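Go ahead and model the full structure; you've got the sequences and the hints to work with.
Protein chains: 4
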Amino acid sequence: MSATRYTYLGPEGTFTEAALRTLPEAATRELTPMVSVPAAFDAVRSGQAAGAFAAIENSVEGGVTATIDELTGGEPLMIYREVLLPITFALLVRPGTALGDVRTVTGHPVAQPQVRDWLRERLPEAVWESAASNADGARLVREGKYDGAFAGVFAAATYGLEPLVTDIHDAANAVTRFVLVGRPGRPAAPTGADKTSLVIWLGDDHPGALLGLLQEFAVRGVNLIQIQSRPTGAGMGRYCFTVDAEGHVAERRVAEALMGLKRICPKVRFLGSYPRAGVAPSDVPPPRPGTSDADFIAAAEWLARSQDGRS
Amino acid sequence: MSATRYTYLGPEGTFTEAALRTLPEAATRELTPMVSVPAAFDAVRSGQAAGAFAAIENSVEGGVTATIDELTGGEPLMIYREVLLPITFALLVRPGTALGDVRTVTGHPVAQPQVRDWLRERLPEAVWESAASNADGARLVREGKYDGAFAGVFAAATYGLEPLVTDIHDAANAVTRFVLVGRPGRPAAPTGADKTSLVIWLGDDHPGALLGLLQEFAVRGVNLIQIQSRPTGAGMGRYCFTVDAEGHVAERRVAEALMGLKRICPKVRFLGSYPRAGVAPSDVPPPRPGTSDADFIAAAEWLARSQDGRS
Amino acid sequence: MSATRYTYLGPEGTFTEAALRTLPEAATRELTPMVSVPAAFDAVRSGQAAGAFAAIENSVEGGVTATIDELTGGEPLMIYREVLLPITFALLVRPGTALGDVRTVTGHPVAQPQVRDWLRERLPEAVWESAASNADGARLVREGKYDGAFAGVFAAATYGLEPLVTDIHDAANAVTRFVLVGRPGRPAAPTGADKTSLVIWLGDDHPGALLGLLQEFAVRGVNLIQIQSRPTGAGMGRYCFTVDAEGHVAERRVAEALMGLKRICPKVRFLGSYPRAGVAPSDVPPPRPGTSDADFIAAAEWLARSQDGRS
Amino acid sequence: MSATRYTYLGPEGTFTEAALRTLPEAATRELTPMVSVPAAFDAVRSGQAAGAFAAIENSVEGGVTATIDELTGGEPLMIYREVLLPITFALLVRPGTALGDVRTVTGHPVAQPQVRDWLRERLPEAVWESAASNADGARLVREGKYDGAFAGVFAAATYGLEPLVTDIHDAANAVTRFVLVGRPGRPAAPTGADKTSLVIWLGDDHPGALLGLLQEFAVRGVNLIQIQSRPTGAGMGRYCFTVDAEGHVAERRVAEALMGLKRICPKVRFLGSYPRAGVAPSDVPPPRPGTSDADFIAAAEWLARSQDGRS
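Residue numbers (the working numbering), protein chains in the order written: chain E, 253 to 563; chain U, 253 to 563; chain V, 253 to 563; chain X, 253 to 563.
Think of the hints as simulated: they come from the structure by calculation, not from any bench.
Just so we're clear, the structure is a prediction, and the values are computed from it rather than from any experiment.
The hints are all genuine.
Facing chain E, from chain V, some residues (calculated, C-beta under 8 Å):
#1 Val312
#2 Glu313
#3 Pro361
#4 Ala423
#5 Ile479
#6 Gln480
#7 Gly485
#8 Gly487
These stretches of chain V come out as covered by chain X in the derived footprint (C-beta under 8 Å, 3 or more residues):
#9 437-450
#10 493-507
#11 510-517
#12 540-552
#13 555-561
All residues carry an ideal CB built from backbone N, CA and C; glycine is no exception.
Listed below in structure tokens is the structure:
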């Protein structure tokens, strides 16, 4: 039944599945691997699944295009949770393969830049070919198509391979961020360490408008966590921006900034307010003076008194 | 009775009285000259008068300190109307006085810079001494204390003098702005060509804070008509600013800017929203795209839908 | 000999080669296809080639990661020319293949989103597998590994294929931008329609710093053509930005903005000033008042006089 | 001889003279009181004096109009020194006068607001009339025209009066700032605690332009000490601004900000760079990161290398 099914970018044995399983509720959901991010997300749109789970950003490679494009286009979805997972690779081989035997390697295209240096140093002659996923690469090694696959060490058992080398990662502290999306609904209540995600389309003059966009946040004391450009497909130089801002839409400074953006930008899509992974409420500095909910309320009361001649 | 009395900075025969009489309702009010701006304004505060009328700004000399100080300090008052009056002076003398006889001249200190060039050229030897008002200067000439008084030509009859020279003004197009103040109350309804007046106190770092102040207006598309500094008296380098902004507090962009100022500034005093003298609604350009009331309402509705999962 | 060799991302028959051949000087250069963008660029770094040519941005997919990463990392290179090429695909098949026979298709990963809709509609069952390049996809079709390859129609003859369908493109007006890079040197002289490319690294607080970055341009009246984020690999939320600004580093407003960025940003890499493809000098609006070279010179002279007591 | 004469706003016995005498070089100059600020300043313009000394700002009343107007208009002069003097008044009377005998009081108009509260409390019936200066008020008391004069206690002896009450001041810490002006010349070398004074005229849209003006300073990390509006006399709503900024024109961040202002503003007048009174170099925080002279030089060198292909 849909209310208990979460789809994710499969196949089984990927980092995505590993990340999804860190969510407590995953234990009580039917976890269904899908062949693509669009397929996983469309299952939510059509009501066949309650949630879909996919990587959205990698600290080495940046935004995951397929996921971002599903959130910026198509029928609206919202983000309800995020998960951070450190990424290190194992080189999985058929039992008995030695490092010297490895002439062809595979893995998801996103994995390549994270193992590039390691390859250059340890297997300079090895030829890389991309696979649809790290787990799919493991399957292709199982089938003999390639000699080695870069994947999570947890994928070895699933595919009857063995990890020849583990803990491979070019960039220390490589981490991938995953999101759980669902159909639009009320965001969870603020926790004190929340973030709000948006997609913002700018008009023709995007760089000038970008300054205006940032000022809408700055004037209300809303810090941005990140901002990333994505082409809209409408022509060279046309971008939309995905923005993660500190705070929850239930906070007035965030709400006012969002309304400001809505007014000056051709299009804004609200992707949700949800708890920040890896950040405790005690880590979050207080709002800049003058931007707390209490400050907004006091100012609104002052204005009402002023308009009423009771200032 | 107080509801029908308007006080003004007297004595009779000043530009202030002339400006006050341009208001249609002046015909049905008891117009009472007072010895000082504080006296005129205090009569309103105490309920002895419904309104007080005084100059607030001169295009040559700038802000009229006494009026501004009454509006920034003491019990709050609000501005309900403004009047613009072109200023030209007559040199009033006792009948029979020739220009060559004029050795001492007087007038209000604000008049001096407006007749300085004329004096330098036509009466280079004449000694200027300030009077409490232009009309008081006329009285002192009547009494023989000075030889000539600079005042409005309309003051001649009142004081039994004659205008020896008329249309004296150093700066072409010199104009004085007057305001009618009353006890705090609801502003008149928007006319489409309104202005909103404020006094804004900044914190310790006033020049940096001034940038923040201007950004609160700019981000909401509210143009300023003028901004002027006034020392607060709290020490060298401490200023408050009097600000006239385009628009009416009943407009959302103005209201949001005011609330923004209230949040970031130690103190804000709302001095009222009232029709702009000399500006017709058809002269006022439409609000910047994204800042009309309709845009604010549409953005608020979008946010409400978003928060409710109906985006 | 290196001075006459240009490398490009091969193999032969790609859009890259087609774009490169639009450069007049290509006729007199030895054009050498390379297996990867790093290989093409390293040939320039090592002196084996005078220039390297590669796609840097696609109007549908955005920045080409491999090219941008080569420009942001490694030994510095500079951009000397850009080329815009409209992109439409042909479906290349072995002679005799009918549309109904096509079960597997291939092409460069960047091609996929540009043919996705077409595939969904016309070949919904076809399985996509990525190839190293569009031309390489054609080769694999030739070898019988796949049934169809998406590539430029000009690739058909080279690989003994025939175009079954032509003019395939999901987004109208899809265009790819290519750059010719070389070792650092003096930029070409300004043409009146130039752009300046930079990579800018921001400090820890990148969204706040982004506002500062944009203000360095804005205050000098330098418009941005585009700005794109790229992760630095140093951790989640760490980005550098590639920026294309209007104007030439030989113009003072551009030079002052660059120096401003250099001062406030941890690292700035100058990627060159070069003519804008598809923009004539007559299309370029004049600089904002106060930002022409003449204005800068006049201001510098005024300051010199002022410092010398001759103001 | 002119090189040894300093003029000041007389007569003798004013705060101005007291402030001037705090300058070490005053001991070796001929100090000549003048009847007005214009007269004092014109003596410098005509070469009859090497310097002129006058109050420019009072912490209670704000800018001293006459002095500011002399600096913003007429032939250019420059400020070379500033002096801060705490202001407290004595009530000077003819010997034998008791407080109960004082019915009329006088003093410079600027003194009035500083003794207003004291008067209200101690001499509520006393009538104020303004004198040309505090010392002139003392003279008029000597001559019997008024009963008491507010002036510096040091004026008592000069005019044969006695101080009936001393240490009168409404605002604690009232202080007046004086400047020594001379003909334009090279500013003194930086001391590490300097200020730079300017007059800046804005175009038609002064409030919008004011934001631009402040941004020219902000983007270069130059803090403002104060900014004050003055009407230009060209019509209602037309202002120029007098600005005191931290730093010396010999510092590159200040110089670049000045050139930026010169480019965007219709007119800028440089009034000099000179040591800040009451501020030691050790009190001055270091420039914001990226805005020291070393940062400017490093950025200029980087740009030169970049333009030369040596980045």
